[in-house]
Structures are given as C-alpha cells and as structure tokens.
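Line by line, the protein sequences are chains A and B.
Each residue of the first sequence is one higher than the last, beginning at 1 in our numbering.
Each residue of the second sequence is one higher than the last, beginning at 301 in our numbering.
These are calculated hints, taken from the structure and not from any lab test.
Misleading hints may appear alongside valid ones.
Which bits of chain B does chain A cover? Going by a derived footprint, with three or more residues having C-beta under 8 Å, they are [as the list claims (entries may be wrong)]:
#	region
1	312-325
2	392-404
3	440-447
4	468-479
5	517-530
6	546-553
7	557-563
With a Cα cut of at most 25 Å, we get these calculated DSS-like pairs of lysine-lysine [said to hold, decoys possible]:
#	chain 1	residue 1	chain 2	residue 2
8	B	Lys336	A	Lys195
9	B	Lys352	B	Lys452
10	A	Lys241	B	Lys551
11	B	Lys367	B	Lys336
12	B	Lys504	B	Lys399
13	B	Lys336	B	Lys504
14	A	Lys299	B	Lys560
15	B	Lys452	A	Lys162
16	A	Lys299	B	Lys551
17	B	Lys352	B	Lys504
18	B	Lys551	A	Lys296
19	B	Lys326	A	Lys118
20	B	Lys560	A	Lys289
21	A	Lys196	A	Lys296
22	B	Lys354	B	Lys452
23	A	Lys207	A	Lys241
24	A	Lys299	A	Lys207
25	A	Lys118	B	Lys399
26	B	Lys560	A	Lys207
27	A	Lys118	B	Lys329
28	A	Lys118	B	Lys336
29	B	Lys551	A	Lys289
30	A	Lys227	A	Lys259
31	A	Lys296	B	Lys560
32	B	Lys560	A	Lys259
33	A	Lys241	B	Lys560
34	A	Lys196	B	Lys336
35	B	Lys551	A	Lys207
36	A	Lys259	A	Lys118
Far from chain B by the CB rule (all over 12 Å, computed), these chain A residues [unchecked claim]:
#	residue
37	Ile2
38	Arg11
39	Arg17
40	Val18
Cβ atoms here follow ideal geometry from the backbone N, Cα and C, with glycine treated the same way.
Okay, here's what each chain looks like letter by letter:
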Amino acid sequence: MIAIGRELASRSGGPVRVALFGEKVRALADALAGHGVEVLLAEDPALAEYTPDAYGQAAQSIVESTRPRLILVAHTSQGYDLAPALAGTMDLPLVTNCLALRFDGERIMATRRLLNEKVQAEVEIASSRPIVATVRPGAAKAAGPAPGGIITSTTVRIDGSKVRTRFLSIERPQVQDIDIAGADIIVSAGRGIQKKENLPLIEEFAKALGGVVGASRPLTDMDWLPKTRQVGQSGKTVRPKLYVACGISGAMQHVAGMKDASLIIAINTDPSAPIFEVAHVGIVADVLKLLPATLKELKS
Amino acid sequence: MPLNIVVCLKQIPNPDLQFQIAPDGKDIKREALNYKLNGADEYALEEAVRLKEKSGGRVIALTAGPKRTEQMLREALAKGADEVTRIAFDEPAAYDVGKVARLLAAAIRTLPHDLVLTGVQSDDLVNSATGGLIAGILGLAHASVVTRVESKAGGLEVACELEGGLQRVYSMALPAVLTIQFGANTPRYAPLPAIMKAARQPIKELSPAALGLASWDAVSLPYTFGVRGLSPPAAKGHAEMITGTVEEQAKTLAQLLREKGFARR
Ligand SMILES: Cc1cc2nc3c(=O)[nH]c(=O)nc-3n(C[C@H](O)[C@H](O)[C@H](O)COP(=O)(O)OP(=O)(O)OC[C@H]3O[C@@H](n4cnc5c(N)ncnc54)[C@H](O)[C@@H]3O)c2cc1C
Ligand SMILES: Nc1ncnc2c1ncn2[C@@H]1O[C@H](COP(=O)(O)O)[C@@H](O)[C@H]1O
Numbered sequence: 001m002i003a004i005g006r007e008l009a010s011r012s013g014g015p016v017r018v019a020l021f022g023e024k025v026r027a028l029a030d031a032l033a034g035h036g037v038e039v040l041l042a043e044d045p046a047l048a049e050y051t052p053d054a055y056g057q058a059a060q061s062i063v064e065s066t067r068p069r070l071i072l073v074a075h076t077s078q079g080y081d082l083a084p085a086l087a088g089t090m091d092l093p094l095v096t097n098c099l100a101l102r103f104d105g106e107r108i109m110a111t112r113r114l115l116n117e118k119v120q121a122e123v124e125i126a127s128s129r130p131i132v133a134t135v136r137p138g139a140a141k142a143a144g145p146a147p148g149g150i151i152t153s154t155t156v157r158i159d160g161s162k163v164r165t166r167f168l169s170i171e172r173p174q175v176q177d178i179d180i181a182g183a184d185i186i187v188s189a190g191r192g193i194q195k196k197e198n199l200p201l202i203e204e205f206a207k208a209l210g211g212v213v214g215a216s217r218p219l220t221d222m223d224w225l226p227k228t229r230q231v232g233q234s235g236k237t238v239r240p241k242l243y244v245a246c247g248i249s250g251a252m253q254h255v256a257g258m259k260d261a262s263l264i265i266a267i268n269t270d271p272s273a274p275i276f277e278v279a280h281v282g283i284v285a286d287v288l289k290l291l292p293a294t295l296k297e298l299k300s
Numbered sequence: 301m302p303l304n305i306v307v308c309l310k311q312i313p314n315p316d317l318q319f320q321i322a323p324d325g326k327d328i329k330r331e332a333l334n335y336k337l338n339g340a341d342e343y344a345l346e347e348a349v350r351l352k353e354k355s356g357g358r359v360i361a362l363t364a365g366p367k368r369t370e371q372m373l374r375e376a377l378a379k380g381a382d383e384v385t386r387i388a389f390d391e392p393a394a395y396d397v398g399k400v401a402r403l404l405a406a407a408i409r410t411l412p413h414d415l416v417l418t419g420v421q422s423d424d425l426v427n428s429a430t431g432g433l434i435a436g437i438l439g440l441a442h443a444s445v446v447t448r449v450e451s452k453a454g455g456l457e458v459a460c461e462l463e464g465g466l467q468r469v470y471s472m473a474l475p476a477v478l479t480i481q482f483g484a485n486t487p488r489y490a491p492l493p494a495i496m497k498a499a500r501q502p503i504k505e506l507s508p509a510a511l512g513l514a515s516w517d518a519v520s521l522p523y524t525f526g527v528r529g530l531s532p533p534a535a536k537g538h539a540e541m542i543t544g545t546v547e548e549q550a551k552t553l554a555q556l557l558r559e560k561g562f563a564r565r
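Based on the provided sequences and hints, a complete structural model is requested.
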C-alpha cells in the first residue's frame, strides 16, 4: 500500500501519510517511517486490540484532521470491516478490492476483477470528498526503504461510550493433523471433484507422488476434509515444490496461499478459470478422468 | 430475547459460467445467464433462521434487484424467512455498491431491525462492502466475516475470521449489522411443502416513492460513478498448456512428473 500511495502521490504532488493505530507500536512506526513516509502514530489504550468502533473513530478523526484525497485500506478481513463502515459513517465514496488505482484528472480510476476473476472492470469515481479505496494484497510490489520518513505523534478522539463492540479473545485452531505447510508436494482438491466419494482418488494420486492432500475452502466448510488442510487466506500458506490444483477455480483467497509454490499444475474443465493465470502447467480436462489415466501411466 | 432480523440476499449470475462482454463494453451479456442466490448469502439466511428459531422473532429477507429475484425470495420463504421484500431496482448490473447499499439502508429504516445480516461478499462483484456501508449509514454496530453468532443477554457474542485460521471474538450491542462468512453453518434444504406454500406467499415491493425518492436516479450520492469498460483480463499468466485427448494429456503429465523427479519409484 505504501508503494501504491507513493506512486500516486508522485503523480498528484501531495504527501503520503501512513496512519498507525495501536498501543506500544513505536517499533512498527519506525519500520514504516523507513519507507520514506510520514507516519501519523496514534497510540491509545482503546486501540490495543482492533474493534470496529474504536478503530472507526480513530480513522474518522485522522480523515477529518488531514482531509486526504484518497484513503487506502488493505482488502483483508479487517479492511473489509473498517473501510466500508468509515465510508458509510462519513458519507464518502468507496471502491473496494482494487488491483490498481490511478488519477485521471479529477477522477480516480480503479481496476477490479469480477465474476471469479473472469472479467476485468475499469470504474471511475469523481468527488470533492475523500475517496475510500481498498486494495487487494499483492496488488503492487512492496515498497523498498527510502529516506525522509518521520513519525508524528497524533491524538485521536475516541469516545469510549460509543464503543459498542468489545474485544474478548483471539481463538487459534486446535485440531491435530499433519501440517501441510511443511510438505514438499501437495495435491489439492476443489469443488470441481464434485463429490466426497472422489476424495480417495485425490489421496491415491497424492500418495503416488509422495505428497499430501490439501483443499480449497468449500471442501473444508463442508467437512469433507479437516480445516487444517485448507490452503489460502483464511487457511494455510504453503510453498511446496509441487502443487497440483484439482478442480480449483483460483479465487484470490485461494491463490494467496499457494502462489509461491515452485511448480503449479492446474487441472480444470474451464479454460477461462483464473487458476491458469498462476499455474505453470495447465490442463483443461475432467480431473476425475485425468487422474485415473495419469495413475495408470505412472504405474506402467 | 426475540429478534427482528433483516437478511440481505443478492441474486447473482452463476459464476461457473463463461462470460462475454456486451457490445457497449459496460456490462456482460446477460441474455443466456442463469442466476442463483449468492454463496455467502445462503449462510446468512440460514444463520438468520436459526437465530429466530432459538430466540424467537421474525426474519425478513430483503433484496434490491429486478423481477427475476422473486424466485430467490420464494426460495428464502421456503427456507424459513417470514416475509420478503424486493426493492424494485431494475438495473441488472448495479455496479455501484454505494448506491445499492444506500437503497438497502433506506429500506431497512422502514423495517423493524435488531439485527441485519449480509453475506461476506457477492461472488459477482466481490466488493465485501455492502454490510459495512449499511452499518455506517444507519449508525449501527457491526462486525465482519462472522463465523459464529450467539445471542447473549442484551447483545451478541460473535467470532470473526482473520487471516491464517485465527478468529477474533467480540461481545457487541444490538442493533447491529453482521457480514456472515461461508461455512458459518450448514444451510438447509427447503422441504417440499414449504416450497409449495412459498409459491403463494406475497412479495412486498418497494418503489422509489416508498423510499422517499422521485426515481432511482434521485438517490443522493457524494460522488459520481461510472463503468469505463469491461474486458477479459489480460492473461498475465504463462501456463504451458497440455493438450490432446485425456490419454495423451495423462501421458504427458506422467512424463513431466517423472522428469521433475516427483513420481515415486
Ligand atoms: C474472507 C474469505 C476468505 C476465504 N478464504 C479462503 C481460503 O483460505 N482458501 C480458499 O480456498 N478459499 C477461500 N475463500 C473462498 C474463495 O473465495 C472461493 O470461494 C474458493 O476458493 C472456491 O473454491 P473452489 O475453487 O474449490 O470452488 P469453485 O470456485 O466452485 O471452483 C470449482 C472449479 O472446478 C472446476 N471443475 C468443475 N468440475 C470439474 C471437473 N470435473 N474437473 C476439473 N475441474 C472441474 C470448475 O470449472 C471451477 O473452476 C475465502 C473467501 C472469503 C470471502
Ligand atoms: N442488490 C442487493 N440486494 C440485497 N443484498 C445485497 C445486494 N448487493 C449486495 N448485497 C448483500 O451484501 C453482501 C456483500 O455484497 P458485496 O458488498 O457486493 O460484496 C451480499 O452477500 C449480500 O448479502
């Protein structure tokens, strides 16, 4: 996001400021300032843990005091919570899940992906008010270090009586299972395998390669496999030597967890499936036919 | 405590299809599409019905969309919604999430609502924005990517999904907006008698006037929005494709796996 902010600012001529909320986060502020930006550091006990109301108030306070043209927020679980509510509360324009953003005169142009990544859209927003935009993680190469960064301590107004959401705890997954993140070879199944009864085929294929079975989220949601096997944003991030995606469309949340595998082989009946964008080797085929045929070949 | 629940449901083109761009470049070709209830909204509807079954109250399913969405609303009735309302907003694509959220918020104002549920994202536009916008516009408490909801004295306890399998647990006050995540529950199938009954139940329709507007273009927005153009994504990928019959593909794949040292033996 700093990279995108710096790039946009270099064209529009204004400054890039990074708002950092929390408690005792000075070290993080130092690290951010190392990227050559002004860090607005707002530390407050009410910001020790994220809550929608406290962070929302902090964000509103910063927007009011700095009146930026553009407010960038990461399109992550926390970003989807903060950005739209901020836009709704302050009556600001909003565009989310952007792959790219640019200024075009008075307008902001955003590039987005629709319909399982199969369609790209360019949308434009013009407003005299600050525009809120969320950007997809990985939309730009991370910014390198740069000189000139500073930290400005900032106070934000947080009215505790208006904080309606109270943080209770963080829960971590407890299930005992193999750790797919340590595996060299992963064969992952997606909704394209159609039925739970087809899982043994995936297992047999994984075994023939000396690998383990992973999955896309719908399979773990349906309890076909334990949650520990889920690859992606809300599951495991894996970097195996070989990743075989069987009947997986390639939604961004899945790709986030496997795009750095050394060799990605994707099998899908739909030639327009976005998984073929990240795969090194693609096969347009019915996985339920291709895997048995390949097993036969491997055995002969 | 009985809860008045509004659940926002969106009808989307089946995303497994292949899509073509319309000649004007501003939308996809819609003639031959089939539509379905958005994936995450199935979980939001189920969550609403379960909360009602546990605590009492009513579930109103709300959509903003053309006539074709009536089929989806009947499905919601068959699965346990008590009432359904359609904002007769006929724009087929409705790319501006800010406008849709303002319409939904205006309609929700006219309905009893202790709790508003939406899905975490629509699989056609993937904004993940509607729920948060509604909360902001109506000044309601909110939480996103919710996987668990329990009704507690005077409020709720909710678990929200973060990255990497972590969950953040909050207690929160009502009224509130929650965006419900895939997998939060196991959606039910509609029983046949309920489907038959739903076919005869009324669908409430909201015109612009019902929301205090002269027309759908009269929604007051702090910005102007436009679709500049749609296109097939530039294939940045470089997947080397293995072609041929299944047997040929299998042979090539097996050979590749052997060459790279992945096949055992
Ligand atoms: C906040 C959030 C977090 C998420 N986190 C994750 C995550 O961590 N991991 C994750 O995976 N998803 C995650 N998702 C869900 C994600 O958006 C997608 O819905 C999911 O990845 C789709 O899984 P899929 O590819 O198996 O199913 P689909 O998208 O339904 O794709 C099935 C594919 O199989 C193909 N197919 C059908 N039949 C066959 C056949 N016979 N042979 C070959 N191919 C076939 C189809 O063409 C299609 O491309 C998350 C979503 C949200 C909103
Ligand atoms: N036109 C609509 N009618 C009713 N609900 C909608 C509509 N558009 C979006 N929603 C709700 O908002 C959620 C998130 O959608 P989005 O913000 O587009 O990703 C969906 O899962 C629906 O619950």
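Structure-based check of each hint:
no. : hint                : verdict
1   : 312-325             : holds (count 6)
2   : 392-404             : holds (count 4)
3   : 440-447             : holds (count 5)
4   : 468-479             : holds (count 8)
5   : 517-530             : holds (count 10)
6   : 546-553             : holds (count 6)
7   : 557-563             : holds (count 5)
8   : B:Lys336 - A:Lys195 : holds (20 Å)
9   : B:Lys352 - B:Lys452 : holds (14 Å)
10  : A:Lys241 - B:Lys551 : holds (21 Å)
11  : B:Lys367 - B:Lys336 : holds (14 Å)
12  : B:Lys504 - B:Lys399 : holds (21 Å)
13  : B:Lys336 - B:Lys504 : holds (20 Å)
14  : A:Lys299 - B:Lys560 : holds (16 Å)
15  : B:Lys452 - A:Lys162 : holds (20 Å)
16  : A:Lys299 - B:Lys551 : holds (11 Å)
17  : B:Lys352 - B:Lys504 : holds (21 Å)
18  : B:Lys551 - A:Lys296 : holds (9 Å)
19  : B:Lys326 - A:Lys118 : holds (15 Å)
20  : B:Lys560 - A:Lys289 : holds (23 Å)
21  : A:Lys196 - A:Lys296 : holds (22 Å)
22  : B:Lys354 - B:Lys452 : holds (12 Å)
23  : A:Lys207 - A:Lys241 : holds (15 Å)
24  : A:Lys299 - A:Lys207 : holds (12 Å)
25  : A:Lys118 - B:Lys399 : holds (24 Å)
26  : B:Lys560 - A:Lys207 : holds (16 Å)
27  : A:Lys118 - B:Lys329 : holds (13 Å)
28  : A:Lys118 - B:Lys336 : holds (18 Å)
29  : B:Lys551 - A:Lys289 : holds (13 Å)
30  : A:Lys227 - A:Lys259 : holds (20 Å)
31  : A:Lys296 - B:Lys560 : holds (18 Å)
32  : B:Lys560 - A:Lys259 : holds (19 Å)
33  : A:Lys241 - B:Lys560 : holds (10 Å)
34  : A:Lys196 - B:Lys336 : holds (23 Å)
35  : B:Lys551 - A:Lys207 : holds (18 Å)
36  : A:Lys259 - A:Lys118 : holds (18 Å)
37  : Ile2                : holds (19 Å)
38  : Arg11               : holds (18 Å)
39  : Arg17               : holds (22 Å)
40  : Val18               : holds (20 Å)
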